Amino acid sequence: MIYRIMLFLLWAFVWLLLSWPPNAAKIVTAMIVSIFVSLLTADILTSRKGTAPKKSFIDICARISWFFWYVVVFLWECLKANIDVAYRVLHPDLPIRPGTVKIKTNLKSDIALTFLANSLTLTPGRTTIDIDKERGFIYIHKLYIRKETAVGKVDAVEKFENILGKIFE
Amino acid sequence: MNETIGGIIIIIGVIFDFFGCIGLIRFPDVYNRLQASAKCVTLGTSGILFGLFIYKGFTATGIKALLCLVFIILTAPVSAHVLARGAYRSGVKPWDGSVSDDYEKDMKNIK
Chain R
541 MIYRIMLFLL WAFVWLLLSW PPNAAKIVTA MIVSIFVSLL TADILTSRKG TAPKKSFIDI
601 CARISWFFWY VVVFLWECLK ANIDVAYRVL HPDLPIRPGT VKIKTNLKSD IALTFLANSL
661 TLTPGRTTID IDKERGFIYI HKLYIRKETA VGKVDAVEKF ENILGKIFE
Chain A
1370 MNETIGGIII IIGVIFDFFG CIGLIRFPDV YNRLQASAKC VTLGTSGILF GLFIYKGFTA
1430 TGIKALLCLV FIILTAPVSA HVLARGAYRS GVKPWDGSVS DDYEKDMKNI K
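Chains R and A are the protein sequences, given in the same order. Each residue of the first sequence is one higher than the one before, counting from 541 in the numbering used here. Each residue of the second sequence is one higher than the one before, counting from 1370 in the numbering used here.
One chain only, chain A, in its complex shape (with noise of 0.2 angstroms):
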């Protein structure tokens, strides 16, 4: 039963992976990328790890899942970000069908 239900989880878990891997290749700059990657990548690992958790049970394996997981929902966004800020500092320009760009505007002021 329990690989059953882990096994469906890491199956879905899979699947918003390769969404995000789509997204990486069909949007049109840096940022939507990042936004794409961030967010699937995150959930995506996540179901897989928390699906082999369920999968394993309480054993050495499932609780460094578990471990792992915790890390990963930690700092995946804080790469996320630190990789947009980067890539505007450094001068990447964001793409021509852009709406707004407040933050160009107050960059300077920012330290």
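Here chain R stands alone, though its shape is the one from the complex (with noise of 0.2 angstroms):
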């Protein structure tokens, strides 16, 4: 029931901010549309096994603070992929040696895996293209691979996996 309830407000505040600047009736519309979309969206977006497990409120708040600093690692880390991707874009002598590798991964629960898998295709030099659930492997493309090495960590990964590790697990 508390995430249908969270899933109602989120709804209702993309409503408001795409029908900017609100007033009384923008207001209504919001919560009518927002009710619908809630009941219609509610199976789908939230977990098919009801209840939620109970957690502290500091908790909570330390998992949203480890959030916050998931962001800023995660822009500061686009800002060096972009500036590596055309570093080498602009090299005459095309600096590249591509390839695929597979890497370990510890993280289980699915969104915490989503969230590992769009990071890393964000960062310096890397595609994800498949993930295998039951074994744990993440398969990336590199842009550039520096040694021969099967499976193998890479330090950008394992920061990710900490941090989101202390978020959703």
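27 angstroms max Cα-Cα, derived BS3-like pairs, lysine-lysine:
no.	chain 1	residue 1	chain 2	residue 2
1	R	Lys595	R	Lys673
2	R	Lys566	A	Lys1433
3	A	Lys1477	R	Lys644
4	R	Lys644	A	Lys1474
5	R	Lys673	A	Lys1474
6	R	Lys673	A	Lys1477
7	A	Lys1462	R	Lys644
8	A	Lys1462	R	Lys673
9	R	Lys566	A	Lys1425
10	R	Lys648	A	Lys1477
11	A	Lys1474	R	Lys648
Just so you know, the hints here were simulated from the structure itself, not pulled from any lab data. Values in this document were obtained by computation on a predicted structure and should not be read as measured data.
Can you join these two chains into the complex? Each is in its own frame, and there are hints to help.
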């Protein structure tokens, strides 16, 4: 139930942003529309297991502050990635050694894996190709492979793994 | 003042978009090209939208630009991943100069 109320608030917020600036009539419209939309999308967007695990207030605050730290780290890595690609694109010799590698990951939950794969795509020289959830491998395409290593961890992967593990698990 | 800062951010975004387009032409195969387009075009377009938000402030246009920025950051990596996976599964070979190919060996085992 708490998830449905949060979903309702989220949709109302998005509707208000789309019809900025708000007034009384727009707020009433937003509430009516988001009641219907949250009823329709609740089954898709919330977990089917029903009950949420009990977490203390301090725990949730810690998770939210780790999320803000994740956003900072992510934006910094994204900027580095773009400068890296710009350097490789503009260099006359095109310094790339591409290939696919597999990386071991310790994350288990769906949402943490999704965040990890998406943030790896936007960090320097990597694109996620596939995830093997049962064995815990992520297959990535790298723009520049330094050494021939079969199963190895990359530092940025570990950094994101630590932060995402603290947020979602 | 806001108009100057917004204009500078929009110009930086356009420059990154331009680098992404050069990468799309110069890189040798699908996967490398996806790298260039996914990264540079995401940050470039986000830069243009954020510059528009700084330029316009909290008006109808600026708020819509912010919403579009969030949606682009959420969806661009997913589309790059799906394109790369689809290309690999339908048999597009990587470039000859690739140094390793772990995914091809394990592809059959993954559902």
